[in-house]
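Asker: Make the full structure from the sequences, and use the hints.
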Amino acid sequence: MIGRAAVIALVAFMTLPTVVVIVVSVNPTAILSFPPTGFSLRWYVNALTYPQFQRAAVNSLLVTTAASLLAVPIGTAAALALERGRLRGRHVWATLLLSPLVVPGVAAGLGFLILAAGLGLLRSRAVLIVAHVALVMPFVVRSVWVSVKNLDPMLERAAASLGATPWRTFRRVTLPLLAPGLTAGLLFAVIVSANEFVVSLFVSNRVTEILPVAMFSYIVNYTDPTIAAMSSLFIGLTFAAVWLADRFFGLAAVFLLDLDR
Amino acid sequence: MRLLLAPALGVLAIFAVALGALFQYSVVAFIPGSLQTGGLTLANFRSVISSQYLGYVWDTVVLSLATTALTLVASYPVAYALARAPSRMVRSWLLVLTLAPFFTGAIVRTYAWILVLGNTVVTWPVPLLFTERGVLIGLVHFSMPTMILLLAAAISHVDPALERAAASLGARPARVFRRVTLPLSMPGIISGSLVVFAWTLSAFPTPELLGGGRVKMIANAVKDLALDSFNWPGAAAFAVVALALTLVLMGGLGRLAAGHEAE
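Protein sequences appear in the order of chains R and F. Numbers 1 to 261, taken from the working numbering, label the letters of the first sequence in order. Numbers 1001 to 1263, taken from the working numbering, label the letters of the second sequence in order.
Just to be clear, a hint being listed does not mean it is correct.
Unchecked claim - Pairwise CB distance ranges, derived in the manner of DEER restraints:
id, chain 1, residue 1, chain 2, residue 2, range
1, R, Thr-95, F, Trp-1058, 23 to 31 Å
2, F, Arg-1164, R, Tyr-50, 53 to 61 Å
3, F, Trp-1058, R, Arg-172, 58 to 66 Å
4, R, Leu-233, F, Val-1062, 33 to 41 Å
5, R, Leu-155, F, Gly-1213, 53 to 61 Å
Please keep in mind that the hints were generated in silico from the structure rather than gathered at the bench. The beta-carbon is built from N, C-alpha and C at its ideal position, and this holds for glycine as well.
Answerer: This is the structure we're talking about:
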């Protein structure tokens, strides 16, 4: 069938670069070649022992953890308010909360850079973390909002009428029912923050830069397969995360696809 | 309940202050060799409408339109298979293969295309790396996961019974697709195209790395001004133009789309 062949060809187009990166990463020579002339893990050793990557990995861990821990509760609170708050003009509020998504990265990045310079915070990670919170929050709001919409208020009223305090109702009824949305929100927050590049490029320096920025600098300056090894590690981690998420939560639901007929 | 909105509004306020700083810098004078700025001026905007910078804007719009069209054509078959493949396992694999690049991040994906386009695997008959063609390929690849997801969501809401009804009344597969599936999946086509177009307008890493300095889109020009020439006011003016362009085009296209859906 022509249709099936087209789908296979297009999926191959999507996966081809990933395969090439992984193959190049185990090539023993410094010159990029394909097919590989042997098997070696030297570029992995190189990637993992390169001091700038180690420093950037620590920064990534710090920034992504801080941004996710801030964005998930803030975004969840906003999603609850959106659905339950009897707000006038709910659509306006929702649009406002999602608005950081439509601002071009260079505009936001340069804005935060000018702000950081004005506040004398160019050497701190504070602006980087706040920028990440702002960029990640829309994803959290969206994911949690879907769960809040599907939550039956009767269950909470039932708990309250049986004598549970508001806090206990929230902890034992609301929170567990929101778990799928919260997990999806957290997954998005971590992945978007860990991969954020444009804004981070503007508001970080050699000391505070996160992994995508460090990898970008390496690509600009060197041509050896170290980045292929680093990329393969990234791809492996991501693939594992996506597969696990699909296994346990069903990714289709997260993306509002109705696939389980 | 409404108080729960306060922390999020706080974050948005900081974001707004950052954009405010951008607007402020766009109208102050640049003093070469210094990060200090001079008095109020419109000189930054005047230099931004010079032919060099308008060229970047033109290239960006053309590349974004081409990317959107190609991405749509390349994504539809995959989205259709994702929504309609009979086997649950096939759908699951398609979803993971589609989503993996979505989550891998711009730098890793762009680096992969440097290897593929740069004659590492095969020698291409025409040069691709550091050309507009190469940038276009990278942008399409970058946009496909998003487009596929939005299209698949729309297609999965088209009742297959409608397609079967058309077929049983004698319509050939191509006609069923053109007259039933395609029109009913229009909301996904519109939202997917809008998102991809907007994202491509502000694309940065793909043209930066695959264009190798020879292909410049708006974001690359802003970065050159800001981080290489330290001309923050000039960069701010161009970034403001980019922001305005994005909002105007999105607003206009969004209105067109809303008109279409109302029909």
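Asker: If a hint holds in the structure, say so; if it doesn't, say that too.
Answerer: How the hints compare with the structure:
1. Thr-95(R) / Trp-1058(F): 23 to 31 Å: Hint holds: Cβ distance 30 Å, inside 23 to 31 Å.
2. Arg-1164(F) / Tyr-50(R): 53 to 61 Å: holds (58 Å)
3. Trp-1058(F) / Arg-172(R): 58 to 66 Å: holds (59 Å)
4. Leu-233(R) / Val-1062(F): 33 to 41 Å: holds (37 Å)
5. Leu-155(R) / Gly-1213(F): 53 to 61 Å: holds (59 Å)
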